[in-house]
Amino acid sequence: MNLKDIGKRFQEKFLGNREEKTPEEVVKEEVIEPIQDENTELTSQEIATQIIELLNQYPADKRKVIIEELRKSDAVSSAMLVGAAVKAVDSDEIPSALAVELGRQASDKTAVGILENASMSRADRLKIIETLTDNKLKEDAICKLLGEMYDTLKSLEVQNELASKINHVIGIVKRTDKINEQLYRVVAKNFAITYYQRNGALSLYQMEQVIPINEMIRENMPEKIEEEYIKLLNDDEENKFDIQDVKERFIDQMTKEVHEKAQKEEQPESTFMKFLGEISEEKVEIEEEDQQNPGKKIKREIGLLEKYIRKYNSQISQSDLERCLKIARGEEEELIYEPKKEVIEESTEDGINIEVLEECIDSGLIDLLGKMGEKERKESLKAITNSLEKRVQKEKRIQMIKNAKVAPREEAPKVKKAEFKGDIDR
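Residue numbering for the sequence shown follows the working numbering, beginning at 1 and increasing consecutively.
Incorrect hints may appear among the rest.
Claimed, not checked - Simulated crosslink set (DMTMM-like; lysine to aspartate or glutamate; CA at most 20 Å straight-line):
#: 1; residue 1: K256; residue 2: E266
#: 2; residue 1: K231; residue 2: E181
#: 3; residue 1: K307; residue 2: E257
#: 4; residue 1: K390; residue 2: E379
#: 5; residue 1: K240; residue 2: E215
#: 6; residue 1: K109; residue 2: E139
#: 7; residue 1: K165; residue 2: D140
#: 8; residue 1: K247; residue 2: D235
Unchecked claim - Restraint-style ranges between C-beta atoms, simulated for each label pair:
#: 9; residue 1: A123; residue 2: R175; range: 15 to 23 Å
#: 10; residue 1: N239; residue 2: N56; range: 50 to 58 Å
#: 11; residue 1: D74; residue 2: N117; range: 18 to 26 Å
Rather than coming from a laboratory, the hints here were simulated on the basis of the structure. Just so you know, even glycine gets a beta-carbon here, dropped at the ideal spot from N, CA and C.
Generate coordinates for the entire structure from the input sequences, incorporating the hints supplied.
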């Protein structure tokens, strides 16, 4: 190798680094300026191609800067970014993960456009959905995913796999009435397919990992299953769905769980009546045949409840049994076992905020973490903690800025105005 070649390589390796352009400069030169140049006629598709190819040249940290620059530029439209994501998904050479990055770091409008136009996996779409800041858009996106699950549920799926899919979808958002409506449809259809294809079989356990048994009873799940079952029948096929048998299985399952919980906590069954749902006059629909005797159906279901309570606890006291039935009829308030006083005292000593703990439980966060494996749970907790810590630190910084007081300016001494006698014409 001669001296000239050595010098050339030296320049390429060391001096060349000095001229390396920043991501901001690259975005400006390769995307923004060509768009603004009146002499350059680029279509939106060509710009989208330029954007995604540009992103593909850089590592993740620099891609983040580039996306931020694209977001800030008035020249780059949301449609161009959506087009770039679609090209990433459709390309065999560019990783589809770039489309996810664009969706997660772009505006809500761009993210929704990517969700609607790019053919992405459910997992990738969820990664984008969880970053949406508008709760209404997030709700709509989750409902759409659940609707797609309902439409594609054509044959029997492995129960625990389906439960896992559903929990994955609803685990990133607080459930609303609109989300629940779609959720109940998916679960009811799954039950109906099981009942239809397995000659009346109905496994409740796995779906309880999605919706607790008391909630399923409260929301009239047996009736919802029957509606979905009827949709599966051919025109000439006989309806073999036994609604009363299905209701008995639900009541049997929930009383079994109440008994097991009561035994574990060494408390009477009536302590855990909240797990039995509401079998009251307001929640039980009166069938046409019962119009003459409105209380007939309620009495029948209360009778079932008594039957199953005795089935799992033959030694139950008459007073506790009567209390259980009164609660179910809505004649008496349920006794909720919450040793709140002791918990508050212990929590205060340990520095735990009991209100925060209650909110975590009510939001379903504790329940979701409890369903995860140890490794997944630890990773999730770490991510949640890091995210919250960053937010706390940010709030502290904002508060410090707000609290910072600018020293008052010293008041200049007042100068007595000079007085002139007579008028002066100038």
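Hint check:
1. K256 - E266: 15 Å, holds
2. K231 - E181: With a Cα-Cα distance of about 18 Å, the restraint between K231 and E181 holds, given a limit of 20 Å.
3. K307 - E257: 15 Å, holds
4. K390 - E379: It holds: about 17 Å lies between the C-alpha atoms, which stays within 20 Å.
5. K240 - E215: 25 Å, violated
6. K109 - E139: Given pair K109, E139 holds - Cα atoms ~15 Å apart, limit 20 Å.
7. K165 - D140: 18 Å, holds
8. K247 - D235: Roughly 26 Å between the alpha carbons, so the hint for K247 and D235 is violated.
9. A123 - R175: 15 to 23 Å: 20 Å, holds
10. N239 - N56: 50 to 58 Å: 57 Å, holds
11. D74 - N117: 18 to 26 Å: 22 Å, holds
In terms of the numbered hints stated before, the structure departs from hints 5, 8, listed from lowest to highest.
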